[in-house]
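Novice: Starting from the given sequences, assemble the full structure and let the hints guide the process.
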Amino acid sequence: MPGFLRRSLQNRRSSPLTLAELFDAGNNSLNAIRLIFSCLVVVSHAQVIGGLGEEPSLGGRTLGAWSVVGFFGISGYLITRSRLNGQPAARFFRARFLRIYPGFLVALLLVAFVFAPLSAVLGPGSSTFADSLTYVLRNLLLYPPFVSQTTIGTTLAEGGIWNGALWSLFWEACCYLGVGVLGLAALKSRRTGLLAIAFIFATGASLAAHTGLVPPSELTLAPPLVAAFAGGALLYVHAERIRVLPAVAVSTVLLAVSIGTGTAAVLAPLPFALLVFILGAVLPLQRVGAKRDLSYGIYIYGVPVQNLLEIWLPELPLPLYLILTFAVVVPLALASYTWIEAPAMRLKKSAPSTPPVRPVQV
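With the first letter of the sequence shown counted as 1, position 10 gets the number 10 in my numbering; the numbers rise by one all the way through.
Hints in this document: simulated from the structure, not taken from any laboratory.
Just so you know, not all the hints are guaranteed correct.
[What the hints assert, rightly or not] Pairwise CB distance ranges (calculated): (1) W312 with L109: 16 to 24 angstroms; (2) V136 with R346: 49 to 57 angstroms; (3) N27 with E158: 48 to 56 angstroms; (4) G260 with E54: 37 to 45 angstroms.
The beta carbon of each residue, even a glycine, is placed where N, CA and C say it ideally should be.
Specialist: This is how it looks when you write it as structure tokens:
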């Protein structure tokens with residue numbers, strides 16, 4: 001019998017199963033789900049970068065956009081849990097920095113000083129050391145909107161972006177900053193209200209962008225992600241009161257409505273985050289990513305590899321293009337985790353502030 005059904009039956013005689021009871025921080029499949037999302041981002045980008053058509057979409061959102069929303073929903077729950085479980089602010093921010101920035105910086109340098117020059121050898125474009133240096137300097141703060149530089153010289157065709165997946169990292173860091181502030185003792189009694197305000201504001205901004213009340217820009221990409229993160233945080237704060245079966249039913253209906261009406265950017269973040277989290281709790285994929293979490297590496301190297309392959313072998317059919325992409329990206333992700341991400345995470349202070357469990361990499 002699946003674990004979800006077994007736990008549900010065990011709790012039926014006493015009280016309905018809650019999200020807090022269902023989710024085991026030391027035994028879940030969230031690493032596996034994040035790995036799937038990373039791969040889906042690569043698949044989603046393949047058709048556009050490879051010149052093979054539009055990205056696959058559902059409910060008005062591309063496959064890649066769905067995946068990034070899923071990332072943010074998971075992070076909202078886990079990061080809020082980490083901060084509100086007594087982790088000091090300095091240690092919290094140190095951990096967040098070490099998890100994201102070292103891998104990001106190495107990927108940024110590799111694109112600037114390896115991928116771009118190599119593309120100039122393989123294709124008709126060109127770049128200089130100054131072009132690469134400017135690319136690094138303008139993107140050091142996690143691809144900040146309106147400041148970031150997406151190309152290097154003429155190595156990509158007009159409109160090309162060397163690493164289009166990195167734009168979400170800036171907004172993830174902003175969410176981390178918000179959770180860090182939320183953990184202050186002075187705000188303890190206001191946490192639910194502040195998270196609700198963030199969620200409502202982000203949802204309203206998504207609606208404004210969806211209906212055309214505000215013109216598309218780099219800023220209008222962020223609200224669905226913030227809504228998913230705030231939604232995930234609210235799920236954690238209220239985990240002991242959220243009854244799993246009714247929540248799944250309501251979330252499924254909302255998700256179906258959002259897809260059917262093409263309003264997924266507005267309606268889907270919270271129900272999608274909850275359903276993703278439920279899947280993470282019940283799927284039997286706990287071993288995937290338990291020792292080596294490749295999801296981040298796949299996410300940050302997928303687009304550069306795809307760009308390079310498109311320059312070198314522009315006529316590849318989609319299946320072969322994807323096979324070659326993953327054949328290069330997976331070793332890069334493994335190297336990133338082994339030599340960059342894992343050593344950086346070991347720099348975190350060793351003394352646990354909460355009882356130790358097998359952690360999901362956050």
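Novice: Check each numbered hint from earlier against the structure, then list the numbers of those it violates in ascending order.
Specialist: 2 and 4
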